[in-house]
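Chain A is fixed; fit chain B onto it per the hints.
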Amino acid sequence: MAVGEQKAKNRRGIRAWLNPYHYNAERWAYFFQRVTGVAILAYVLGHLGDTSFFVGGPTGAGPSESAWKFIGSIFENSFGHLILILVVLVLFFHGVNGVRLVLAEFGLILQKPSAIEYPYKPRSLGHGQRALIYVGIAIAVAAAVWAFLVLFEGMG
Amino acid sequence: MKESRLMLIQYATAVAAVALVSVHLIMQGVIYPYATAISFNNILSVYKNGFYAIFLEALLVVVLVHGFNGVRIILQEIRQTKPWSQMVDAGTVVAIIVTVAYGTRTVILAVFGAVSPA
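Chains A and B, in that order, give the protein sequences. So the first sequence is numbered by our numbering: it starts at 1 and just counts up by one. So the second sequence is numbered by our numbering: it starts at 1001 and just counts up by one.
Calculated directly from the structure, the hints in this document are not laboratory data. Hints are supplied without guarantee of correctness; some may be wrong.
[Claimed, not checked] Here are the simulated BS3-like cross-link-like pairs (lysine-lysine), alpha carbons at most 30 Å apart as the crow flies:
hint, chain 1, residue 1, chain 2, residue 2
1, A, Lys7, B, Lys1082
2, A, Lys9, B, Lys1002
3, B, Lys1002, B, Lys1082
4, A, Lys9, A, Lys112
5, A, Lys112, B, Lys1082
6, B, Lys1048, A, Lys69
[Unchecked claim] Now the in silico label distances, taken between C-beta atoms and shown as ranges:
hint, chain 1, residue 1, chain 2, residue 2, range
7, B, Ile1108, A, Ser66, 16 to 26 Å
8, B, Ile1078, A, Leu103, 39 to 49 Å
9, A, Ser73, B, Ile1108, 19 to 29 Å
10, A, Ala138, B, Ile1097, 31 to 41 Å
11, B, Ala1019, A, Gly107, 18 to 28 Å
12, A, Ala16, B, Ala1090, 23 to 33 Å
13, B, Gly1091, A, Tyr118, 38 to 48 Å
14, A, Ala16, B, Ile1009, 21 to 31 Å
15, A, Glu153, B, Ile1108, 19 to 29 Å
16, A, Pro119, B, Ile1108, 57 to 67 Å
Idealized CB from N, CA, C, for every residue including glycine.
The shape of chain A in the complex, shown without the other chains (with noise of 0.2 Å):
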């Protein structure tokens, strides 16, 4: 590769983690978290604002049980409900994939580094944090479906 090409590569920003094409699992898991990241904050965010019509809103000054009632009226349907599952979804896999992270983070779940040959995988990313990168999926796809049998069916 050309070091032009190089430089232009090294300075694509935020188009550079939107695009894990051709990468291995862990790049994949990368785009992921941050995708699930900025989704459960933009959810907070409203969260914030729904939880706040408990005390009747922006201009409220205590505990409402209409203003509660209105945005239930609002929320809690089968729309909401689903958007409640899909953030379950995305919260289990963020949390699970960013305990991932930060036991790789302080190396607790890698491997010795080795030299660099041909096929050129990373060997210090050993099986085991791969292996929770699976886990946080398939945790992230129980909690949901808890989640769609608590808002549906009534379990709980």
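Quick look at chain B alone, frame taken from chain A:
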């Protein structure tokens, strides 16, 4: 603040958020049925319990610091000029202060405010 310290804050709030959000979700669909958990009277009793009100405030701070610091990290990667970096850092601090203040207002009014009739 040094970037390495900000990353440590990101990891510390991540671990705290996993614990706090887990408890929050358990309260919503495991300990109580969902319909009961979000009923007005149940939420009022939760807020009036001082321990859980403090728990919700901690959840609020931890999640918002982690979330906005995460967005800050993403934005810092877009470009590395000093004005951009300072603007992103300042914007993050303002966003955290404003949202934590709004959420804290909800907690305070729920705990101490007079209950309006339905």
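Hints, verified against the model:
{"no.": "1", "hint": "Lys7(A) to Lys1082(B)", "verdict": "holds (20 Å)"}
{"no.": "2", "hint": "Lys9(A) to Lys1002(B)", "verdict": "holds (27 Å)"}
{"no.": "3", "hint": "Lys1002(B) to Lys1082(B)", "verdict": "holds (14 Å)"}
{"no.": "4", "hint": "Lys9(A) to Lys112(A)", "verdict": "holds (29 Å)"}
{"no.": "5", "hint": "Lys112(A) to Lys1082(B)", "verdict": "violated (37 Å)"}
{"no.": "6", "hint": "Lys1048(B) to Lys69(A)", "verdict": "holds (20 Å)"}
{"no.": "7", "hint": "Ile1108(B) to Ser66(A): 16 to 26 Å", "verdict": "holds (20 Å)"}
{"no.": "8", "hint": "Ile1078(B) to Leu103(A): 39 to 49 Å", "verdict": "violated (28 Å)"}
{"no.": "9", "hint": "Ser73(A) to Ile1108(B): 19 to 29 Å", "verdict": "holds (26 Å)"}
{"no.": "10", "hint": "Ala138(A) to Ile1097(B): 31 to 41 Å", "verdict": "holds (38 Å)"}
{"no.": "11", "hint": "Ala1019(B) to Gly107(A): 18 to 28 Å", "verdict": "holds (22 Å)"}
{"no.": "12", "hint": "Ala16(A) to Ala1090(B): 23 to 33 Å", "verdict": "holds (25 Å)"}
{"no.": "13", "hint": "Gly1091(B) to Tyr118(A): 38 to 48 Å", "verdict": "holds (45 Å)"}
{"no.": "14", "hint": "Ala16(A) to Ile1009(B): 21 to 31 Å", "verdict": "holds (25 Å)"}
{"no.": "15", "hint": "Glu153(A) to Ile1108(B): 19 to 29 Å", "verdict": "violated (36 Å)"}
{"no.": "16", "hint": "Pro119(A) to Ile1108(B): 57 to 67 Å", "verdict": "holds (59 Å)"}
Violation of the numbered hints given earlier is confined to hints 5, 8 and 15; the remaining hints are satisfied by the structure.
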